[in-house]
Each structure stands twice: as structure tokens, then as C-alpha cells.
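Trainee: Sequence:
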Amino acid sequence: MQGSVFALLARQAGHTPDSEAILGLGKPPLRYGDLLELVGRTTRSLRAAGIGRGERVALVLPNGPEMATAFLAVTSAAVSAPLNPAYRAEEFDFYLSDLGARAVILARGSESPVREVAAARAIRVLELVADSARPAGWFELAVEGSPAAEPDFPGPSDIALVLHTSGTTARPKLVPLTHRNLLTSADNIRRMLALSREDRCLNVMPLFHIHGLVGVLLASMAAGASVACTPGFQAPRFFAWLDEFAPTWYSAVPSIHQAILERAPQNAESLRRSRLRFIRSSSAALPPRLMAQLEEVFRVPVIEAYGMTEASHQMASNPLPPGTRKPGSVGRATGIELAVADEEGRLLGAGVPGEVVVRGPSIMSGYENNPEANAKAFFHDWFRTGDQGYLDADGYLFLTGRLKEIINRGGEKISPREIDEVLLEHPAVAEALAFAVPDEKLGEEVAAAVVLKSGAQASNLDLREFAARRLVDFKVPRRLLILDEIPKGPTGKLQRIGLAAKLGLTGADRRSTEPREFRPPQDETETKLCRMWQEILGVDTVGAEDDFFRLGGDSILAAQFLKRLREETGCELSMVRFFEEPTVSGVARHLAAEPSTD
Numbered sequence: 001m002q003g004s005v006f007a008l009l010a011r012q013a014g015h016t017p018d019s020e021a022i023l024g025l026g027k028p029p030l031r032y033g034d035l036l037e038l039v040g041r042t043t044r045s046l047r048a049a050g051i052g053r054g055e056r057v058a059l060v061l062p063n064g065p066e067m068a069t070a071f072l073a074v075t076s077a078a079v080s081a082p083l084n085p086a087y088r089a090e091e092f093d094f095y096l097s098d099l100g101a102r103a104v105i106l107a108r109g110s111e112s113p114v115r116e117v118a119a120a121r122a123i124r125v126l127e128l129v130a131d132s133a134r135p136a137g138w139f140e141l142a143v144e145g146s147p148a149a150e151p152d153f154p155g156p157s158d159i160a161l162v163l164h165t166s167g168t169t170a171r172p173k174l175v176p177l178t179h180r181n182l183l184t185s186a187d188n189i190r191r192m193l194a195l196s197r198e199d200r201c202l203n204v205m206p207l208f209h210i211h212g213l214v215g216v217l218l219a220s221m222a223a224g225a226s227v228a229c230t231p232g233f234q235a236p237r238f239f240a241w242l243d244e245f246a247p248t249w250y251s252a253v254p255s256i257h258q259a260i261l262e263r264a265p266q267n268a269e270s271l272r273r274s275r276l277r278f279i280r281s282s283s284a285a286l287p288p289r290l291m292a293q294l295e296e297v298f299r300v301p302v303i304e305a306y307g308m309t310e311a312s313h314q315m316a317s318n319p320l321p322p323g324t325r326k327p328g329s330v331g332r333a334t335g336i337e338l339a340v341a342d343e344e345g346r347l348l349g350a351g352v353p354g355e356v357v358v359r360g361p362s363i364m365s366g367y368e369n370n371p372e373a374n375a376k377a378f379f380h381d382w383f384r385t386g387d388q389g390y391l392d393a394d395g396y397l398f399l400t401g402r403l404k405e406i407i408n409r410g411g412e413k414i415s416p417r418e419i420d421e422v423l424l425e426h427p428a429v430a431e432a433l434a435f436a437v438p439d440e441k442l443g444e445e446v447a448a449a450v451v452l453k454s455g456a457q458a459s460n461l462d463l464r465e466f467a468a469r470r471l472v473d474f475k476v477p478r479r480l481l482i483l484d485e486i487p488k489g490p491t492g493k494l495q496r497i498g499l500a501a502k503l504g505l506t507g508a509d510r511r512s513t514e515p516r517e518f519r520p521p522q523d524e525t526e527t528k529l530c531r532m533w534q535e536i537l538g539v540d541t542v543g544a545e546d547d548f549f550r551l552g553g554d555s556i557l558a559a560q561f562l563k564r565l566r567e568e569t570g571c572e573l574s575m576v577r578f579f580e581e582p583t584v585s586g587v588a589r590h591l592a593a594e595p596s597t598d
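Each step along the sequence shown adds one to the number in the numbering used here, with nothing skipped, and position 517 is 517.
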């Protein structure tokens, strides 16, 4: 059965039945011959439960070898719909309904709320029972009934996997992917990474996400290679896993790479013993500095790739050496056509920014039951990714941000990724994410969230001044928050859209309605400054401790004030320093400390 996941596994089992396929903690490996037997047993169990070809089965399982083998087995017999096991009842209710799921596979003993949701919707729950006496990933489905005599396996054009888009700003859209879509993408990754049967991937990515399912699991299966399945990324255990499984590569998002780097100095011996031949990064932009640090610590090439659910994961990738890798670029198209287009769908030349568009055999044919979304997502046969970027003369793609993430500050269009990369150059910064916050006059203002490296110190003023030396004034974050952790999605990916709301920065009116303690100006300088602010801000009274921005000021009015201050006092005050202490008394202290230029 050419072109299906079942056919792929059968082919590998025929070639190398004793080769390792799936590994887990503390158990012997599952071999390709065992895996094919497990697929057959699962298919018969599903048929006994009345689940046939083309019917949808939700997988609600924790990361690990059983999740990997359940995905491979169910996809070979029906349609897999992996769901995040951390969802709440309301989320499970939406996703099961939207999927039209016929059954849910759940580990025996699991107390997931999906049990009650499935019962309320009359959806059958099939319990997965792991067998501790068998190799990693071996399981039985607790099903009563008689299976069909002849299992009906799916073909290349049948749907294999259904996943939802993230739904950060709107109702999640349903993405159906065929066996041909998945295996085309997996083979593109296999070829780009030169994977062979000797390779082993350490999987730390969630197996309810396209990155882990295709970028790791199916790409490895396409090569007849093995996958070590962890319970999910756990920074304290990463280097122990590196020793235990001796992988030749791993793939992750940048925030995971950063967490690994933080622990590298305490794991020098593991690094010395490492068998890694490369590291892969995908699903979010990899800062060039982070790429350089990874290569310095691990002494292997870092391969940045570009993917999305609608494309069955990978669309572009940098090549392995001796091919040219370009830091800051996600590489060249892999197995598909990739271009950059303007708003009317006209393809643009090298160096001209626009929307990234793709077409090819790994791209979905359309969102399910959503003609409105499809009308917006396609022009002709090109899929619009929603990403902004440009191609260089060599065909390498450089992404500049999501179109929905672009900050529109009073008409100035700002790519938040540019601000991220500047802040990440600061030696104290481990993570940085710029984002838009609402502004009454400008529409949107620039904000940024920062996480400092362990033991490092830096103030808001330090970071703003650092950014101000590298960015024009209007790109310097007006609000900068130093956090212990930036909110992330379930895959570990930093989430720019919606961050302002999560951090409580979405108040519509910048003018404070909270009562404030009024302190009148104490000297001639403070009196003069209060009068300036009254005129610029159009308010009746200003006290010495009032905040310029809480009185209704913004960056444009601040620029007017600083210009007038320079003209009337001869004193230069930077926008960044004014942001740090935007009160009359603060400015007065600065004037007292800094001699005028007159």
C-alpha cells in the first residue's frame, strides 16, 4: 500500500525487522517487526470497536513511547486526532465536537476530564493498557467484540491526521492532512537531514503537535531510524537522557534550546560524551546569537527549519554542512515551491518583503468546513502562510514576523522580531519577546517582556538604553517587563499574540482614573515643568509626583516635551530615561544633576 503510514512501517519491518524503532525510559526497545505486529493488533481492536477506515479517533495520552506507537498504529488504521492532555473539560468538549470523533483513546487509570465529556457526547472511550513486560510502547486496547476478517487499510489520499490551528485570535481551524501530505514532508526532512538507520532522535517535543509527529517521529520512521520518547521536555533531565539514549540529533523550539544551554556548564562530561551530529530548530524564530551559542557548546551544526501545521510541518530548511547555513534565515524550500507575494498575490523578487506563500504535495487542500477561511488562505493554488519575509538572491528565506504580529504604532509598521533580536544581544538576557499594547492615541505601542539569565542583573533602564543605542526611538519599547517566565504555549513556543492581555496591559484608556496624592511643585524648576505639562497635555493641574503617561501622555507628546525642554533649558534628556522616571520631580532631579549645554 504505497504512500500510507501503514505501508511505510510495513516496508521498514520487511527491510530491518530487528532494527530499533521506539525507545523509552527503563524498557527494552521496540523493534520494527514488533511495531508492525502492534499496528496489526491495534487495527483489529479498532475494527472490533466499530472504528473503520476514515473514522476519527482522539488520542489523549501523555508524551512517551505509548503515545508514539498509538499515533502510528491508529493512523495506519483510521484517522488520528491527538489532543493536548492538559486541556480542560470545556476545551475537550469543543475539540471532540469539532472533530466528529468516534472514539477517544485514554490510558487506563487516567482521571482526565475527557472521560466525562466523551460520555456526555456518547463517544466511546478505549482504554490503552501498557504492558510492562513488553518493549517500550507496547500496549493493548481494552476492547470487546469481533474484528473484521480483512482490515481495510487507508491509502495515500485518505486523511491520516487532523489537528487544530492554535486559535490565538479566533476560533481554531481544523486542518486535515492526508497520508501523502505527511509522508512527503517526512521524506523531505529525511533527505535534508541525511537521516539513516544509524540515527536516533531524542524527542522532547509534544506528540500532539506537528513538530514532534512529523519533524521527529515520521521523519525517523521514513529513514528506518529510532526515536527515544521522553515524558516531555524536562530541563534537569536532558543531559541524563543524552547519556542514556546516546541520540545523534534532537529537534526543539528556541525556548527549549535556551533552557538546555542554561544547564550546559554543569554537564561538561555529558557534552564530551555526546554523539550528536546536529541539532535542529523549528516552530519559532531562532535568534542568531542562540544558534552561535549552541554550536559553540555542542560543537555540531544547528539546522534551522521553517514549518507549520497546514504544510505537514517543514517547508524550508538550512542544509547540513558542507551546504551553506545562513544565521537568521530558515533556509531554502524543501520539496515544495515557496515564494513571496504582495497583497494582490503578485510574486515579488529577491530582497522585496511580502507574505510567504507555498504550494506542493505536503500542503493541505483546505481547512475543513470553513469556506470563508479558505477564501482568505489561498489565491490560485498558493497557500498564504500569514508570515512576512523576503528571499535573498540565493533563495534563502528570511522571516520578519507574522503579519498579525506587526506592531502598527501610529502608522509606523514595526517588526517585533527585530526588537527581540536586539534585546537578546544584551549579555544578561535569556529570552525576549516584543509585542503590541493598545494606545489611545497611536493605536498600538511597543512593549517587551524579558527573562534574565540565571544570576544576571539588569534594570529596565539598562535594557531600554541598550535598545535605544541600536534602534530608532519609535522602536524602543515603551513598556518593558522583567519576568521570571514569559507565557508559552503547550509546545514551549513563546506566544506574542494575546500577551498584552495575559500581562494585564490592555486597558483602553491610558489616562489613570485612580486617585493620586497631589504634591504641588516645590521650586522654580518644578513649577516651570508643571506649566509645560499642563500646556502639552491639556490638563488643568499637574503635581510634582504625577506620571506624564498616566495623565494621558504618549510617545508623540513626550517627544514634544523633550524638544521644548531642550529649547528652554539647554538640557538633553533621552526618551528612554524619561520613560524610566516620567514625573516632574524626576525630570527636575535630572536637570539638577546635568549641566545645561548653554
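Any given hint might turn out to be false.
[Unchecked claim] Subject to a maximum C-alpha distance of 30 Å in a straight line, what follows is the list of computed DSBU-like cross-link-like pairs (lysine-lysine): (1) LYS453 x LYS326; (2) LYS488 x LYS453; (3) LYS493 x LYS376; (4) LYS475 x LYS488; (5) LYS493 x LYS528; (6) LYS493 x LYS453; (7) LYS528 x LYS502; (8) LYS413 x LYS528; (9) LYS326 x LYS488; (10) LYS404 x LYS475; (11) LYS502 x LYS563; (12) LYS475 x LYS493; (13) LYS453 x LYS376; (14) LYS563 x LYS475; (15) LYS413 x LYS563; (16) LYS493 x LYS563; (17) LYS488 x LYS404; (18) LYS502 x LYS404; (19) LYS502 x LYS326; (20) LYS563 x LYS326; (21) LYS502 x LYS488; (22) LYS404 x LYS528; (23) LYS475 x LYS453; (24) LYS528 x LYS488; (25) LYS493 x LYS404; (26) LYS488 x LYS413; (27) LYS376 x LYS413; (28) LYS413 x LYS475; (29) LYS488 x LYS376; (30) LYS376 x LYS502.
Just so you know, the hints here were simulated from the structure itself, not pulled from any lab data.
Trainee: Does each hint hold? Answer for all of them.
Mentor: Now for the hints, and whether the structure bears them out:
With a C-alpha separation of about 26 Å, the suggested pair LYS453 and LYS326 falls inside the 30 Å cut-off, and the hint holds. In summary, the hint linking LYS488 to LYS453 is supported, as the alpha carbons are separated by about 17 Å, within the 30 Å threshold. Between LYS493 and LYS376, the direct Cα distance comes to roughly 25 Å. Compliance with the 30 Å bound is thereby established for this hinted pair. As the CA atoms of LYS475 and LYS488 are separated by approximately 24 Å, the hinted pair is consistent with the 30 Å bound.
As the CA atoms of LYS493 and LYS528 are separated by approximately 49 Å, the hinted pair breaks the 30 Å bound. Using a Cα cut-off of 30 Å, the hinted pair LYS493 and LYS453 holds, with the two alpha carbons roughly 18 Å apart. Only pairs whose Cα atoms come within 30 Å are accepted, and LYS528 paired with LYS502 is rejected, the gap being roughly 39 Å. Distance check on the hinted pair: LYS413 and LYS528 sit about 36 Å apart at the alpha-carbon level, beyond 30 Å; violated.
Proposed proximity of LYS326 and LYS488 is supported: the alpha carbons are some 27 Å apart, at most 30 Å. Between LYS404 and LYS475, the direct Cα distance comes to roughly 17 Å. Compliance with the 30 Å bound is thereby established for this hinted pair. The suggested pairing of LYS502 with LYS563 is violated, with an alpha-carbon distance near 35 Å, which exceeds 30 Å. Restraint check for LYS475 and LYS493: the C-alpha separation of about 23 Å stays at or below 30 Å, so the hint holds.
Of the pairs offered as hints, the one joining LYS453 and LYS376 is violated, with about 41 Å between alpha carbons and a cut-off of 30 Å exceeded. Distance check on the hinted pair: LYS563 and LYS475 sit about 19 Å apart at the alpha-carbon level, within 30 Å; holds. Restraint check for LYS413 and LYS563: the C-alpha separation of about 24 Å stays at or below 30 Å, so the hint holds. The straight-line distance between the Cα atoms of LYS493 and LYS563 is roughly 41 Å, outside the 30 Å bound, and the hint therefore fails.
Our distance criterion of 30 Å between C-alpha atoms is met by LYS488 and LYS404, whose separation comes to about 18 Å. The straight-line distance between the Cα atoms of LYS502 and LYS404 is roughly 17 Å, inside the 30 Å bound, and the hint therefore holds. As the CA atoms of LYS502 and LYS326 are separated by approximately 34 Å, the hinted pair breaks the 30 Å bound. A C-alpha spacing of about 42 Å is found between LYS563 and LYS326, which places the hinted pair above 30 Å, so the restraint is violated.
A distance of roughly 11 Å separates the Cα atoms of LYS502 and LYS488; the hinted pair therefore holds under the 30 Å criterion. A C-alpha spacing of about 43 Å is found between LYS404 and LYS528, which places the hinted pair above 30 Å, so the restraint is violated. Proximity of LYS475 to LYS453 is assessed by CA-CA distance (about 24 Å); at most 30 Å being required, the pair is judged to hold. Annotation: proposed proximity of LYS528 to LYS488 is violated, straight-line Cα distance about 47 Å (limit 30 Å).
For the hint linking LYS493 to LYS404, the alpha-carbon distance of about 17 Å falls within 30 Å, and the restraint holds. The suggested pairing of LYS488 with LYS413 holds, with an alpha-carbon distance near 25 Å, which does not exceed 30 Å. Proximity of LYS376 to LYS413 is assessed by CA-CA distance (about 22 Å); at most 30 Å being required, the pair is judged to hold. About 10 Å separates the Cα atoms of LYS413 and LYS475, which keeps this hinted pair within 30 Å; it holds.
For the suggested pair LYS488 and LYS376, the alpha carbons sit about 27 Å apart, so the restraint of at most 30 Å is met. Distance check on the hinted pair: LYS376 and LYS502 sit about 28 Å apart at the alpha-carbon level, within 30 Å; holds.
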